[in-house]
Every structure is written in C-alpha cells, then in structure tokens.
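Q: Residue strings, one per chain:
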Amino acid sequence: MTEQHKQLVACHECDLLLREINLKSGHTAACPRCGASLYRKTTESLSRTLAICLAAALFFLIANIYPILGIESRGNGNATNLYGAVSSLWDQEMHFISVLVFVTAIIIPALELSLLIYLLLPLRLGLVPPGLALIMRFLQNIKPWGMVEVFMLGILVALVKLTDNFSIIPGVALWSFGGVTFLMAAVATTFNPRDVWARLNWHYKQKEQA
Amino acid sequence: MSYTDASTTAASLGLCTCHVCGLLSRYDGNATSAHCPRCNARIHLRRQHSIKQCWALLIAAYILYIPANLMIIMETGSLISYRKDTILSGVVHLWQTGSMFIAAIVFVASIVVPLFKLIALSYLLISVQRRSKRYMHKRSQLYRLIELVGRWSMLDIYVVTLLAALVQLQSFALVKAGPGAIAFGAVVVLTMFASMKFEPRLIWDPLQPKPLKES
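Order-wise, the sequence lines are chains C and B.
In terms of my numbering, the first sequence has 93 at position 93, counting the first letter as 1, and numbering is strictly consecutive.
One gets my numbering by counting positions in the second sequence from 1 and adding 1000 to each.
Bear in mind the hints are in silico, worked out from the structure with no lab data behind them.
Since this is a predicted model, take the numbers as computed values, not measurements.
Every clue listed holds true.
Capping the alpha-carbon separation at 35 Å, the derived lysine-lysine pairs in DSBU-like fashion look like this:
| hint | chain 1 | residue 1 | chain 2 | residue 2 |
| --- | --- | --- | --- | --- |
| 1 | C | K143 | B | K1176 |
| 2 | C | K41 | B | K1197 |
| 3 | C | K41 | C | K207 |
These stretches of chain B come out as covered by chain C in the derived footprint (C-beta under 8 Å, 3 or more residues):
| hint | stretch |
| --- | --- |
| 4 | 1015-1022 |
| 5 | 1090-1101 |
| 6 | 1135-1141 |
| 7 | 1177-1183 |
Built from N, CA and C at the ideal position, the CB exists for glycine as well.
For reference, chain C alone in the conformation it holds in the complex (with noise of 0.2 Å):
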C-alpha cells in the first residue's frame, strides 16, 4: 500500500476508481456512475450497534422461547412457539422447508446478534477480538439469509388467514418478533462496518510504533 493509493476507492458495483472526500456525519457517498452507496460517516457507530445488539439479542430469547400464537376453537386448541413450528414440519416430512425456516428465521439472526456483540464488546474496550476479519467476512456472506422481517409479515398474513375459522391467542412472542424486526433494521442502518476497519488500522498503527 503507497500513499498515493490510500485516498483512492473503487465503487463495488462498477468498479470506477474514485478520490474518497470527506462526508458530514450521516451523510452517504454514492458512485456517481452507477449509483450505489459506497460508504457512509457515521458517529459512534460501533458503540451504538452493540447497544441495539444486546436489545435485540434479549427480544430474540423471548421470541424463541414462548408462543407465537394460540389458536382456539370450540374447546380446542393449539399454540406454538418458532422452534415448535419447525420440529414440527419436520415430523410432516417437510424436511426442506423446516431446514430452511430453521436457518434464515431462527440460526442466521441468532449468529448475526452474537457475532455482532462478540466483536464489539472488545471493540468497545479497546482490544482486537481473534478472528475479527474472518467474522466479518462471515457475517457479510450470512446477511442475506437472516429474513426476520420476512418472517414478521409472514406471521401476519398467517394471522389474518386464521381469523376466518379460530379465534386467536397473542403470545408473547408475537411481541417480541416485532421488537426483533424493528431492532434488526436498527442494527442494519447502524453498524458501519468500515468503522471497524478503521479501528483495525489504527490498532496496526499502534502496533508498528511500539
């Protein structure tokens, strides 16, 4: 890496080589050929993301631990929580369709939340956590599979499609998948992952001198 190369960035998107300039908090600099974002400044990016992650780690507990939904008619009844309706596909025989509910609504976010809070706890007190790169490459490569939003809207359409027949039960649950979707999108707009490897360098840098 020479100096000369440092200011210069190239968009993901169309591969334009661009001079980097300084953006305002908040503010997102775009290609000017293609469009796409390419980087955002942010204030304490870091430290806010862990706050909204460990929120959001404890909503995601309480939504996987108690019902979603009840349902009840004429004396019966039934209720199910994330990890009963997936073992529950399973025993059906749809094992595709329960693996696939199982990773993108249960496993994803799960990894997502506490990789999330593995690397910026440390982050946060001043100390590179080991595997840093590699999680972040990871967690770039999961993104696109945890659809906890999906999921939310998901159990709406079941909701309005029960009311027809049976009459239903609120879980808990159902509450926090709410504050789960909610908080997700938080950390999505939040985390500035270039705010990690600019503590990154500055560690090397650290490093060199001493």
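With chain C's structure known, arrange chain B on it following the hints.
A: Just chain B now, kept in the frame of chain C:
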C-alpha cells in the same frame, strides 16, 4: 465523489477492491492466491465464472418454477370444508374472503417477485454477454432492486410453516404443507444464489477500451 478520470476502472490499472473490507490493493494476477492484505479475504478483479454459474442456477430455478406454481402448496381441512391450494389459488381465496390488502401483499411476494427476478436476471445476463452499452445505469439499478426484493418471496414459506404447525386439531381442523412448497422454497433459494453470483461490474466493462483478460 470526484472522478479520477471519466471512466478509469480499478481493474484497468491492475487494482482490485476487496468485497469485504473495501480496501483497494494491487492485484497479483493469480486468481487462486490473491488475498486482501488487510482482511485476508480472497480477491478477484471480477467474480470467477459468474455468468456460467448464474445461468446454471437460473435455469434450475426456471425448471422448478413450474411445479412451484402448479403443485399444491397447502391443504386445509376442517369439519365443513376441504381445499387444496396452489400459490395462485391461495391468493384468489384470500381476495374472495375479503382480505384484499393481505392478498395483494402475498401476490406481490409470491408471484410478482419470483417472476420478476427470473426475467430480470436473464435480461441482465444476456445484455452482459452481448456487451451491450445501453441503459447501463438503469441495469445497475435493476440489479440493486433484485437484491433488495428477492428475500420477500420467503413469505409464503413462513405462512405455510406457521399454519401447518398451528392448525393440528385432530379431526377438527388440519393444515398440511404440500410438495409445491418444497419447489417454491427451492426457487427462492436458487434465485437468491443466482443474484449473488451475478457480477454487476460486468455491466460497465464494455466501456473499457480493452477487455479484461481474467473474466
């Protein structure tokens, strides 16, 4: 942003941007060994075999799109009624029973979005292969739209899962997921992989005076 030059790409100068951390570094010309000096991710000027792999996934998705729409996705049985629904008939039923807003949402997520993805990705691939120089900006936007909306097709899978798990009241009321759901889930997964494999930088490469060796 300011242009360094009107159309200089990083690749034309032998530079390569890391898709994980965004660092620009010199590319050593070896596709199997090049790594980002900062985060150690594999780097490449253009995604390897992007067009071939994208087509393969897309064709598989086209094939499965047929059973996904023709086969039963959900069976609903109760004391008074019994029905088998495909994706489309499920939407129609929702519309007829008065939930028009929800019917519209499901229609967009399960029918419009998958079809849009298949057609739009095919168009992008063909235009890139023909090295078309038309509508480049529009095509970049189209790619971003595909990435944005693709995930919402999972909606029906979640609805079926919840209903099939909840409505299990023995002889009284029963919902079962049908084989159409498996095909439909596969279409969603395949099109998501296909759009990840697509290399948007290929859209702009025809502007370069000499073609890249590697891609």
